[in-house]
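Chemist: Sequence:
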Amino acid sequence: MLKPLLARPLPGHVQREHRAGGYTDDALPAFVLARAADRWPAYEAVVDLTSGEPAAVITYADLASEVERLAGFLRAAGVGPNDVVLSQMPNRREALVLSWAAFHLGCVLAPVVDIYREHELTAIVPMVTPEAVIAVAEHRDERCAEALDAVLAACGAQPRARVVVGGEAAGWTPWEQATAGPAGAAPHPGDPDAPVLVLFTSGTTSAPKGVVHSARTLMAESRQLALAYGITWRDRVHDPYPLAHIAGLEYATTISALTGSTVLLSRMTGQRRAAREVVEHGATYAAGPTGMVPLLVEEFRAAGVERAPLHTFVCGGTTVPRVLIEQAEAVGIGAMRVYGLTEQPSVTAPSAGDSARDRYETDGPIAPGAECEAVDPATREPLAPGVEGELRVRGPERMLGYLDEAQTRAQIDEEGWFYTGDLGVVDERGCVTITGRIKDIINRGGEKFSARDIEDVLVAHPAVAEAAVVAAPDERYGEVPAAFIVAAEPGAALTGDELAAFLAERGLARQKTPDQWHLVASLPMTSFGKVKKFELQDRLRDSASAAGTWT
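Each residue of the sequence shown is one higher than the one before, counting from 0 in numbering that gives the first Met the number 0.
Hints are computed from structural coordinates only; laboratory data are not their basis.
Keeping only pairs whose Cα atoms sit at most 25 Å apart, straight-line, the calculated BS3-like set for lysine-lysine is: (1) LYS208 with LYS2; (2) LYS531 with LYS438; (3) LYS529 with LYS208; (4) LYS531 with LYS208; (5) LYS447 with LYS529; (6) LYS529 with LYS511; (7) LYS511 with LYS447; (8) LYS511 with LYS438; (9) LYS438 with LYS208; (10) LYS529 with LYS438; (11) LYS531 with LYS447; (12) LYS531 with LYS511.
Per label pair, the in silico range of CB-to-CB distance: (13) ASP412 with GLN536: 27 to 35 Å; (14) ARG139 with GLU52: 19 to 27 Å; (15) GLY155 with ALA459: 50 to 58 Å; (16) ARG509 with ALA193: 49 to 57 Å; (17) GLU360 with ARG271: 23 to 31 Å; (18) VAL304 with GLY352: 17 to 25 Å.
We put the beta carbon where it would ideally sit given N, CA and C, even for glycine.
Model the full assembly from the supplied sequences, consistent with the hints where possible.
Modeler: The structure is reproduced here in C-alpha cells:
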C-alpha cells in the first residue's frame, strides 16, 4: 500500500470547469472494460504481435474473462483494494491482462520497464511495498523472476502472491495456474480519486520518479486522446510502447475499451519491423520514433499502397523535420509531433487536419480542458504570447503527485500548476512550441543559449538523420556545445567543418557552433524517442576525445 501523498489538488473552480466541459467523470477502468465486453464481445480487442506467427487474437469477451480469472486468483491470495501490484515484463498479452486485473481489484498498478535491474528495482520496491508481483521467468538472458526475488528479500518485502509468466521459478505460481479458475469476479467499486497507477520515469534526466495517477486522471487522459485523434471501433492502433509507460498502457487498455478499437500489441525491437507491422496489419493509428516516418512511406509504397489507411502517426521526440511531414502527407499519413509528460500526458492535441506547417513548426494547440503557460523561470510570472519561458501546465489528466513529497512540493504549486522544466513558447493562437529544457541550456562564457537551437538547424542538413547537442566542460568558457551526429547514410563522408559551415550559412550565431563533433551510430533514447542526454554527457566525461574531432 502506498503511503499518503502530499495533496496538491486542482482548485475547485478548475475542477468544476472540467466537469462542466465533460473532460472528467467518475468512470473506473474496470467498469469501462466490462461495458466494452458487453457491447463488443466478438470484436478484436488485441492482436498480439509478440506471440509469433500467426499473431494471437483476443476478443473483448475473452479478455474480460481472463482478467476476471486472474483477479479471482489474486483476491483469493489476499490481494485487495489499494494494494500495490508490481509487474515487470515486456509487452505481451499477459502484461495487458495483469494491468486490467489490478484495476479490476481496485489495486494500484506499478509496472516496471523490462530494462530495469537490481539497482533500479532496489530503489523502487521500498517505495511501493507490493502485495503481488508478476514477472517473466526470463528475458534478454536474464532470470527476471529470480532476480526480483532477490530484490524483494533484500528489501524485506513479502508479497502475498507471486506469478511467473513464460516459465517456472521456485515459489512462484505459473500464469497458467493463476488463470485456470472460474471467471465472474466482480470489479471493485472504488474511489475515482484514489491512486490506481504508479509509473516510474527517469525521462532524459536519469533520476527516477514515482508518478501517481488516479482513475479520474487516467480516464480523462484516455478520453482526451481518443477524441483528439478520432479513435473509434473502426481503428487498429499499433502500440509498440512499453505498458510500463503511460502512452503504451492507455493505448492498450483504457483507450481501447473506451472506443472498441483493436490494439496491435507490439514491442519496439526495430523501427523497420514496426513499420512493416503497421502496413501488414492495417494500422490506422500509430506512434513511434520520428525515424519511422520515412520507413513507413517506403513500406507502403513497396506494398503498392497509394493512399495509406494510417490516418495519424504521432512522432516521439522533439524535432520533426519538414521534409518528413511532407513525405508522410504524400501517401496520406498525417504525421505530427505532440507535447506531453507522464505527469500530464496530453498538454497539446494536434490533429491530421492541422496545417503541415503547424505540424512541423509547433507541438500543436493546447488540448481541450488543459492549460499551458510560459512563465519566467525565476519569478514564475506569466509571460506574453510568443515569449520563451518555462512551461507550466494543469488539466484533468494531471497526476496526483509524486511518491516523493519533496518532488511534489518543488514542481506543483498551490494553484495546481505543474512546472515542467521545459522551455517553450505559447503563441497567441494557443499553439505550443518546445524550445528546450531549462537544464539543457549551454552557458558558453556567460552567453546562454538552448541546445535545441543548434539541433533544429543540424537536422535540416540532408546528410544528418539525428542530432543531439549537450554542454561539454571547457577550461576557458566553462561550457561549450558538443554535437552527436547520426548520419542519414552509414559511412557517409561527413565532417565537422562541413556542418559548421552549414550552421554559418543558416545564420546561426558563431558562439553556438559546436566545439566538439561526435559521429555515432545511434543516440541513446527513451522509449518515447527522446534523447537521454545524461548518457551523452557521461560519454563526454569518460572520453579523452580531442575537441573538434570525430569519434
